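Enquirer: Sequence:
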Amino acid sequence: MNELGTGILKIMEKSSLGRMSVYILSKQTRDLGIDLDTISKDEAIVLVGRLKMVLPFFLADENFKVITNIRKYVN
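Read left to right, the sequence shown gives residues 97 to 171 (this note's numbering).
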């Protein structure tokens with residue numbers, strides 16, 4: 097996993113998702129055809145859009161905070 101992917105994962109792991117983050121991130125990147133070893137800024141922006149749809153099922157109200165932190169990190 098490159099630096100961008102690692103940073104996104106760390107943000108997700110700090111939430112109540114914890115260790116489950118790696119599985120959610122892996123599944124969503126695989127579904128989008130994104131390789132976490134070479135994820136680019138443009139791909140990360142697409143990933144944030146997908147996570148915005150998926151994470152509310154896992155995080156409820158905490159979703160907004162996690163998405164905001166990932167967006168800040170990517171930009």
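Everything labelled a hint here was simulated from the structure, so no lab data went into it. Just so you know, not all the hints are guaranteed correct.
Calculated lysine-lysine pairs in the BS3-like style (CA-CA distance at most 30 Å, straight line) [as the list claims (entries may be wrong)]: (1) Lys-106 / Lys-168; (2) Lys-110 / Lys-123; (3) Lys-110 / Lys-161; (4) Lys-110 / Lys-148; (5) Lys-110 / Lys-137.
Predicted model, so just to flag it, every value in this text is computed and none were measured.
Enquirer: A separate judgement is required for each hint: does it hold in the structure or not?
Expert: Going down the list of hints, with the structure as the test:
no.	hint	in the structure
1	Lys-106 / Lys-168	holds (13 Å)
2	Lys-110 / Lys-123	holds (19 Å)
3	Lys-110 / Lys-161	holds (11 Å)
4	Lys-110 / Lys-148	holds (17 Å)
5	Lys-110 / Lys-137	holds (21 Å)
Going through the hint list in order, the structure satisfies each hint without exception.
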